[in-house]
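S.K.: In order, the protein sequences belong to chains A and B.
So for the first sequence, the UniProt record's numbering puts the first residue at 1; every next one is plus one.
So for the second sequence, the UniProt record's numbering puts the first residue at 1; every next one is plus one.
Keep in mind the hints are simulated off the structure, nothing from the lab.
Don't take every hint at face value.
As the list claims (entries may be wrong) - From the structure, some residues in chain B lie toward chain A, with a derived Cβ separation under 7 angstroms: (1) Met-1; (2) Gly-18; (3) Lys-38; (4) Asn-81; (5) Thr-85; (6) Glu-135; (7) Val-183.
Idealized CB from N, CA, C, for every residue including glycine.
Number of protein chains: 2
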Amino acid sequence: MKFCSECGHGVALAIPDGDNRPRHVCIQCGTIHYQNPKMVIGSIPVWEDPENDGALQVLLCRRAIEPRHGYWTLPAGFMENGETTSEAAVRETEEEAGAHIEIGKLFTLLNVAHVHQVHMFYLARLLDLDFAPGEESLEVQLFTEQDIPWDDLAFPTIRKTLELFFADRVKIRESHDKQGYGVHCHDIVRPMIAPREPD
Amino acid sequence: MKFCSECGHGVALAIPDGDNRPRHVCIQCGTIHYQNPKMVIGSIPVWEDPENDGALQVLLCRRAIEPRHGYWTLPAGFMENGETTSEAAVRETEEEAGAHIEIGKLFTLLNVAHVHQVHMFYLARLLDLDFAPGEESLEVQLFTEQDIPWDDLAFPTIRKTLELFFADRVKIRESHDKQGYGVHCHDIVRPMIAPREPD
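Next comes chain A alone, as it looks inside the complex:
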């Protein structure tokens, strides 16, 4: 930020009265420009194949945009003004995967503090198989747990969410008290883009 979005004059870093950290403050009109973390919201679209003993598959998108062009992700994107978190999850799933879902519960809330983001993923039930890549996806595909491209996932929050999802599946199958999916909050402290393992 170099200029004031209200009056067009220059901004300078200064600690406003009553504040305790530097902000971009307009040298002309005094407007304080706060910068705050953003939310990235997505879904875990699940298809339980009725013709294959209910075998579970998850819908992933291969990214057509940077960062991480060509890598696989759950459908997700920046939350917009005027919508709720679950509305954002439904919209992003529609936009990126052309997929129609019944949205479920919040499943993960993952802090990615070093990039000023909070990622949230909702459980979701895919309503039909009528999906197709949107503008930001190269392809969209259903994967069983065994087939998920674990080494080609776009972001640590995608891996974490999928790992937690399949771990909860095991617990749900094994539990005798009809335990449901949890809500999982974690902090991602590694870099967003993990270096690839050497061949």
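Starting from the structure of chain A, add chain B where the hints point.
M.R.: Chain B in isolation, oriented as in the chain A frame:
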């Protein structure tokens, strides 16, 4: 937003290529200025009085700033870049109430879409009684459930969080399977500032 924060020229509303909603776009340098919801994060600081049979009290702050000057709130504020959601809850509790807490689990996630905010409150255990109002508080006080100033709470998300907290307390006391606090996600659709009842 009237001016580009990158080059200082004017901005105009336009739908960028590949996008589907109007954004502020610089007419000179083409920078797209996205506007996204903000997170307001706080805590429910709980004191269980060891000298009074563990009677539970919650710490509230009376606001010294607008909006809702003079009304009672849980300590909360805008999340800052570079911190996690629970770090934000600890910091706001320290800043607004001068209170030291052990942070617990996420308890509420409340969408307030019409003001482009998501509010989150964490369970917290007050570590000592050495609290004092910060710059944004007129006073800070412990309240039992019966004493909470229900008609003078600052925001619907504060009321909702406190209602859910005390409802979960009842369930926890009555449950025989050591049920814990839940994670509650709701959308607040009424106006943020409720009109006062006529005298």
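S.K.: Take the shortest C-beta to C-beta distance between B/Gly-18 and chain A; is it under 7 angstroms?
M.R.: OK, holds: B/Gly-18 within 7 angstroms of chain A, min 5 angstroms.
S.K.: Taking 7 angstroms as the limit, does the beta-carbon of B/Glu-135 come near enough to a beta-carbon in chain A?
M.R.: holds (5 angstroms)
S.K.: So, as I understand it, the hint says B/Lys-38 touches chain A; can you test that by seeing if any CB pair is closer than 7 angstroms?
M.R.: Because about 5 angstroms separates B/Lys-38 from the closest Cβ in chain A, which is inside the 7 angstroms limit, the hint holds.
S.K.: Does the closest beta carbon of chain A sit nearer than 7 angstroms to the beta carbon of B/Met-1?
M.R.: Because about 5 angstroms separates B/Met-1 from the closest Cβ in chain A, which is inside the 7 angstroms limit, the hint holds.
S.K.: Taking the closest Cβ pair, is B/Thr-85 under 7 angstroms from chain A?
M.R.: Since chain A brings a Cβ to about 6 angstroms from B/Thr-85, closer than 7 angstroms, the hint holds.
S.K.: Per the CB criterion, is B/Asn-81 less than 7 angstroms away from chain A?
M.R.: Since chain A brings a Cβ to about 4 angstroms from B/Asn-81, closer than 7 angstroms, the hint holds.
S.K.: Hint B/Val-183 vs chain A: min CB-CB distance below 7 angstroms?
M.R.: Given a least distance of 4 angstroms, the restraint on B/Val-183 holds.
Of the numbered hints given earlier, the model fails none.
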